[in-house]
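All chains should be built: construct the whole structure from the sequences, respecting the hints.
Sequences listed follow chains A and B, in order. With the working numbering, you'll find the first sequence wraps up at 495, consecutive numbering, no jumps. With the working numbering, you'll find the second sequence wraps up at 349, consecutive numbering, no jumps.
Some hints here could point you the wrong way.
[To be verified] For lysine-lysine, the following DSBU-like pairs were computed, each having C-alpha atoms within a straight-line distance of at most 35 angstroms:
id, chain 1, residue 1, chain 2, residue 2
1, B, K276, B, K226
2, A, K219, B, K276
3, B, K63, A, K207
4, A, K104, B, K330
5, A, K401, A, K131
6, B, K204, A, K392
7, A, K104, B, K226
8, A, K323, A, K207
9, B, K222, B, K204
10, A, K77, B, K338
11, B, K204, A, K94
The set of hints was computed from the structure by calculation and includes no laboratory data. Small disclaimer: the values here were computed from a predicted structure and weren't measured.
Chain residues, written in single-letter form:
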Amino acid sequence: MITKVVLAKLSPTMEEGTIVKWSRQEGDAVKVGDVLAEIETDKANMEMEALGAGVLRKVLVPAGGKAPVGALIGVIADPGEDIAPLLAEAATAPVPAPAAASTPAPAPPFPAAPAAPPPLPAPTAAAVTGGRVKASPLARAIAAQKNVPLTSLAGSGPGGRIVKRDVEGYLAAPPAPAFKAAPAGAARPAIPVPSVPPGTAIPLTSMRRTIAKRLAESMYTAPHFYVTAEIDMDAAVSLREQLIRAEDVKVSYNDLVLKACAKALTRFPTVNASWTGETIQTHAEVHLGVAVSLAEGLITPVVRNADRKHVLDISREVKELAARAREKRLKPEEFMGSTFTVSNLGMFDVTEFTAIINPPESCILAVGAVRKVPVVKGDQLAVGHRMKVTLSSDHRVVDGALAAQFLAEVRRLLESPASLLL
Amino acid sequence: MALITMREALNQAMREEMRRDPSVFLLGEEVGQYQGAYKITQGLLQEFGEWRVRDTPIAEEAIAGVAVGAAFVGMRPIAEMMTFNFSILALDQIVNHAAKYRYMSGGQIRCPMVMRGPSGAAAQVAAQHSQAFESWFVHVPGLVVVMPSTPKDAKGLLKSAIRDDNPVIFMENEVLYNLKGEVPDEEFTIPIGLGDVKRVGKDVTIVAWSRSTQFALQAADLLAKDGVEAEVVDPRTLRPLDEDVIFESVRKTNRCVVVEEGWRYAGFGAEIADRVQRECFDDLDAPVLRVTAADVPMPYSRMLEKAYLPQPEKVVEAVHEVLYR
Chain A
74 MITKVVLAKL SPTMEEGTIV KWSRQEGDAV KVGDVLAEIE TDKANMEMEA
124 LGAGVLRKVL VPAGGKAPVG ALIGVIADPG EDIAPLLAEA ATAPVPAPAA
174 ASTPAPAPPF PAAPAAPPPL PAPTAAAVTG GRVKASPLAR AIAAQKNVPL
224 TSLAGSGPGG RIVKRDVEGY LAAPPAPAFK AAPAGAARPA IPVPSVPPGT
274 AIPLTSMRRT IAKRLAESMY TAPHFYVTAE IDMDAAVSLR EQLIRAEDVK
324 VSYNDLVLKA CAKALTRFPT VNASWTGETI QTHAEVHLGV AVSLAEGLIT
374 PVVRNADRKH VLDISREVKE LAARAREKRL KPEEFMGSTF TVSNLGMFDV
424 TEFTAIINPP ESCILAVGAV RKVPVVKGDQ LAVGHRMKVT LSSDHRVVDG
474 ALAAQFLAEV RRLLESPASL LL
Chain B
25 MALITMREAL NQAMREEMRR DPSVFLLGEE VGQYQGAYKI TQGLLQEFGE
75 WRVRDTPIAE EAIAGVAVGA AFVGMRPIAE MMTFNFSILA LDQIVNHAAK
125 YRYMSGGQIR CPMVMRGPSG AAAQVAAQHS QAFESWFVHV PGLVVVMPST
175 PKDAKGLLKS AIRDDNPVIF MENEVLYNLK GEVPDEEFTI PIGLGDVKRV
225 GKDVTIVAWS RSTQFALQAA DLLAKDGVEA EVVDPRTLRP LDEDVIFESV
275 RKTNRCVVVE EGWRYAGFGA EIADRVQREC FDDLDAPVLR VTAADVPMPY
325 SRMLEKAYLP QPEKVVEAVH EVLYR
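Here is the structure:
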C-alpha cells in the first residue's frame, strides 16, 4: 500500500518546516509509528512518525530542505509497488498553500467546554475528525481517570487514534528525575548571549516571526494595564532555607510564586479566563505558562493543573521542561494551552518590569528579584527581603480592582508560605 | 510425571475409566481389531473384550445413534469418529437427540456419552478431510465441547468427559497425537469449563485452543525475541467457556488476538471477540483481532495448505497490529 509522507502541521502556528534529518533512509523498512524524520517548526524540533508500513521508497525533500505544511516529502510503499505516477503527480502538482499564509495565525481558540485547554493539532494525523475524538476505550478510560483532556493529545494509532501509549506519554511527559538539591549558592547557569556583529541584517527564524506576530497582536488588541505590588519575602526566604537545611530540597522563589498564583487563580476564576469576542471564558483548570528564555527567543512550557500539584512537583516539572525547551525538544502539548503565565527576570537582578500578555490569556505576572532592602519594623529600621511583582491585565476581562485583589491574594500566600506546602 | 504422547494420554484415560466404571464402553470404525485408525484405542480390545470394544460398520449416524440410545438407558459410551469430517453425518443424532433429551424430558433422561476423534487439518488430506468443525457443535445448547492442546489436558479432560452426565464432543487433533508432554502418574482429572494460561505475558493476550495453541506459543517465542511478552490463554473447553481467564488476561494486557483453525465467518473466535469487547470494553487499547483459516475449502497443495492455515507468523503480524507497532 502506498502511504504519502506529508509534512504534518506539528504546531498550531506552523506554516512550514525544515527537515533537520531523516531518521530513515530511502530503502529502509518502516513500521507504523516509526520516527521518519526530525522537523524544525516555529516552536521546537519535532519527530514525525510513519503513518503506514512498508519501505521508505522516496525522499522528496532532503535534510536541510524546507517544505510547507501539507507538502509531499516522501513516499512509503511496498518494495515492488509502482510509485512513479505519484511522483509524477507530485512533481507537477502545486504545493498546497499553507492555511494561514498571509493572515496572522489566530491564537488557538478555547473550546466551549471550560475544562479543556485549547485543542491541539495532532503531530501525525488528526485524531479529531468532525468533532469526534478517536481514542481507544482504554485511552479514554485512563484519560478520564487522570483528567487528561483528549483534545490536547496527538494520536499515534491508525487514522490518528489516541491509544494508551499517547495518554501515558502525556502523563509521563516530564520523566521525573530524582529530585536533588544543588549545593546552596551554586552558580547560576549562564544564559547564552548570542554574539552578533553590529550592522547585520539578522534573518528571522520562524520562532522570532511567531513571537513578533503573537505579541504584537496581543499588545495591539488587548488593552494592557499594570498593577505592581511589593511582597515581604522574609517568611519565604526562611522557608526556603529551612527546606534546604532540613530536607536538602531546593525550591526556587519562582516555584513558590507559581504555586501561589495557581492557588490564587482557583479563587479568582475571572483572572484565569480568556476574551473570546462574544464571552469571557473562564477556565476550570489552571495551566501555568512559565516563560523560558532561549538564545533565539523564548517559549512558555506549561505546568498543567498546577493548583493540584505539590510545589516540589511543580519545581521538578519546571526544571525538566525548561531543560528540554532549551534543547528545542518540547512537544506541542507541553507549550500549548496555558491559562496564565509567569515571567521572572529575578535572576538578572531586575527590580521590576512589565510583561506582554500571552494570548489568549488575560493576565501575566512579571516577577522581579528578591532583594535585601531597608524596611521599617515597628519604629526600627531593619533589613528585610522584598520582591516586586507586576500583573499585566487585559482590561476587556479584568478591571483594576480585580487585579489588585488577585495580587493581594498572591501576596498573602507568599507572605504566609507554609500554606504553599499544603 | 511421565513424558508421554497425547495418543498415549488419551489411551490411558479411556483404559482407566473403563477399569473404573463397567458402564463405559467404546464403539467406532476400526477401534477393535485394527487397534484404531490412529492407534488411540490400542490394546483396549485385548483388555476389555469385544463386548466393551465394538467395531462398527462405516455408518456414522448409526454409531452416534447407538451411543445416544445406550446413554439414555444408563451406559457411558465413547463413540469414536474416525475424523470429525464424517461426524456431520451424525449431526441429527447429536443435535436433535443427544443435546435435547435432558431438556425435553424435564431432566428425566440424560445422555452421558462422549463423541471423540481428530478434527482439523492434518497434512495434505485436502478439502473434505481437513475441516475444523468446533464452531458447528458449540452453537448447540445442551452439548459440551472440549478441545485439549496438551497430553496432560487431553487425559484429565477425557476422564472428566467420560464421567460427565452431558453429551461431550471431544475434539482431538491428528497433528497433536505425537505431541509429548508431562502427565502426572497419579490419578487426576481436569474440570470441564476451566481454561488455562499456557504462557504468562503482559503485552498481549493470545487466545487459542487445540492445535492453534501451538501456533500461539510459537508466535510468542518469535515475539519474545522482539521484546514482546505475549500471554497465551487456552480455554480448553469451548462450551461452557471459561470467560474469566480470558477477561482477566485482557484486563492486564489491554489487547487480544484470537487464533482458530476454523473459518473466520461466524467462527468460534467471533464469540470470544464479542464477549471481550462487551466485558472488557474500557480495558481495550485496540480492536480484538482474529487469525483464522482462509475462507475457502482447504487446498491440496502443500504451499496453499500453509497459506490457508493460521501460522505463527500471521499471529505475530496481528499482535504487531494491536500493539500499533
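Taking 35 angstroms as the top limit, are the C-alpha atoms of K104 of chain A and K226 of chain B close enough?
Roughly 22 angstroms separates the two Cα atoms, so the pair holds.
Could you grab the alpha-carbon distance between K219 of chain A and K276 of chain B and see if it respects the 35 angstroms cut-off?
19 angstroms, holds
So if I understand the rule, the pair passes when the alpha-carbon distance is 35 angstroms or less; does K77 of chain A with K338 of chain B pass?
The hint holds at about 26 angstroms.
Verify the proposed pairing of K276 of chain B with K226 of chain B, using a straight-line Cα cut of 35 angstroms.
Roughly 7 angstroms separates the two Cα atoms, so the pair holds.
Is the hinted pair K323 of chain A and K207 of chain A satisfied, with a Cα-Cα distance of at most 35 angstroms?
42 angstroms, violated
Verify the proposed pairing of K63 of chain B with K207 of chain A, using a straight-line Cα cut of 35 angstroms.
56 angstroms, violated
What's the verdict on K104 of chain A and K330 of chain B, does the C-alpha distance respect the 35 angstroms limit or exceed it?
25 angstroms, holds
Between the alpha carbons of K204 of chain B and K94 of chain A, is the straight-line distance 35 angstroms or under?
Judged against 35 angstroms, a Cα distance of about 54 angstroms means the pair is violated.
Run the distance test for K401 of chain A versus K131 of chain A: straight-line Cα separation, threshold 35 angstroms.
28 angstroms, holds
Satisfaction of hint between K204 of chain B and K222 of chain B, Cα-Cα up to 35 angstroms:
OK: K222 of chain B and K204 of chain B at ~15 angstroms, within 35 angstroms.
For the pair supplied as a hint, K204 of chain B and K392 of chain A, is the alpha-carbon distance within the 35 angstroms limit?
59 angstroms, violated
Hint violations for this structure: numbers 3, 6, 8, 11, all remaining hints satisfied.
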